[in-house]
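Once you've looked at the hints, dock chain B against the given chain A.
Heads up: the sequence lines are chains A and B, in that order.
Going by the UniProt record's numbering, the first sequence opens with residue 1, and the numbers climb by one from there.
Going by the UniProt record's numbering, the second sequence opens with residue 1, and the numbers climb by one from there.
Where hints are given, some of them may not hold.
Because identical chains cannot be distinguished in the list, a pair is counted as satisfied if it fits within a single copy or across any two copies.
Claimed, not checked - Derived DSBU-like pairs (lysine-lysine); straight-line CA-CA distance at most 30 Å:
no., residue 1, residue 2
1, Lys122, Lys79
2, Lys79, Lys12
3, Lys12, Lys99
4, Lys43, Lys122
5, Lys67, Lys149
6, Lys99, Lys67
7, Lys43, Lys67
8, Lys46, Lys67
9, Lys149, Lys12
Keep in mind that the hints were calculated from the coordinates and are not lab data.
2 protein chains.
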Amino acid sequence: MALETERKFLVKGDFKQYAYAHEEIVQGYLSSVTERTVRIRIKGDKAYITIKGAGDESGMSRYEWEKEIPGEEARELMKLCEPGIIDKVRYYIENGDRKFEVDEFHGENEGLIMAEIELADKEEEFDRPDWLGTEVTGDSRYYNSSLVKYPYREWKNE
Amino acid sequence: MALETERKFLVKGDFKQYAYAHEEIVQGYLSSVTERTVRIRIKGDKAYITIKGAGDESGMSRYEWEKEIPGEEARELMKLCEPGIIDKVRYYIENGDRKFEVDEFHGENEGLIMAEIELADKEEEFDRPDWLGTEVTGDSRYYNSSLVKYPYREWKNE
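Just chain A, with the same shape it has in the complex (with noise of 0.2 Å):
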């Protein structure tokens, strides 16, 4: 179980240019509890089991533990999820030593678009690039397993 820390922003620009890859991401929630999510996702031909526990106070680190499974499986796992599927395409993209990923939200989270950096700690430093956005870090509204149960497009309303 490895200790992650990631910083996550809003996407205020064209970011789709500097992209080297990208790739299609389904994801529901067998658990969305912030304290313990338990994530299925299938992304391109792979398919995952993801279990995640709090954030620290700053909201940068979780423990994360994932298993990669066959696709079949994850399927039928997708059926018992939560309502609420996750639907976005993932964009990848270089940003120095690190990489952002790019996330563009489709269905009920239509319009939403979030890139995460990946750092070693929390005092790590990063170029950033013209399009980024406001940080939404340690927001738990941007977590993917909020999203689930308040999409995006309900925010608007608001």
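Here is chain B on its own, set in the frame of chain A:
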């Protein structure tokens, strides 16, 4: 993912003399919601992650998905589980072509002893030994995932 058919009974007499083996089981739940339980189990020197769907109307059959995982990872994942870890000793008893698994609970569920038999289907007949008590198949209070939240010791006050 297999469909398992199980029947569950309380135990009313001495069963231990018939057991050919026993082992300790410690388990916790990442989700104890009946429609999608996610269980981390350490059984003897092995460990598993198990996902079960909702039971059918009879309560006899539930979808089940299980993978063996390293004990070290199970111990880490156990820390993320909901409060209320289940601690029990499982006894194995032969019964014709089938076998009973009899769970003697400890901790918050001390006093509860339950026997389970796995069958090919709901119609299959089987011998009922003297020590077998009332059938509780489908009674969700007796699900281990329920015993986490409402342990047996608290029932006595009802």
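Subject >> Alpha-carbon proximity context of lysine 67 and lysine 149, limit 30 Å >> reply: Intra 25 Å, inter 28 Å, cutoff 30 Å: intra and inter.
Subject >> Homomeric proximity label, lysine 43 with lysine 67: Cα distance no greater than 30 Å >> reply: both (13 Å within a copy, 20 Å between copies)
Original post:
30 Å Cα cut-off: does lysine 79 pair with lysine 12 within a copy, between copies, both or neither?
Top reply: Answer is neither; intra-copy 34 Å and inter-copy 39 Å both fail.
Subject >> Alpha-carbon proximity context of lysine 149 and lysine 12, limit 30 Å >> reply: Cα proximity of lysine 149 and lysine 12: one copy only (24 Å, versus 45 Å across).
Original post:
For the identical chains here, do lysine 99 and lysine 67 meet the 30 Å Cα criterion within one copy, between copies, both, or neither?
Top reply: within (22 Å within a copy, 32 Å between copies)
**OP:** Classify it for me, lysine 43 with lysine 122: is the Cα-Cα distance of at most 30 Å met within a copy, between copies, both or neither?
**Re:** Only inside one copy: lysine 43 and lysine 122 sit 27 Å apart there, 38 Å across copies, limit 30 Å.
Original post:
Using 30 Å as the alpha-carbon threshold, which applies to lysine 12 and lysine 99: within, between, both, or neither?
Top reply: within (18 Å within a copy, 62 Å between copies)
Subject >> Intra- versus inter-subunit Cα pairing at 30 Å for lysine 46 with lysine 67 >> reply: For lysine 46 and lysine 67, the Cα distance is within 30 Å both inside one copy (11 Å) and across copies (17 Å).
**OP:** If the cutoff is 30 Å on CA atoms, where do lysine 122 and lysine 79 land: within, between, both or neither? Let me know, please.
**Re:** between (37 Å within a copy, 24 Å between copies)
When held up to the earlier numbered hints, the structure conflicts with hint 2 and nothing else.
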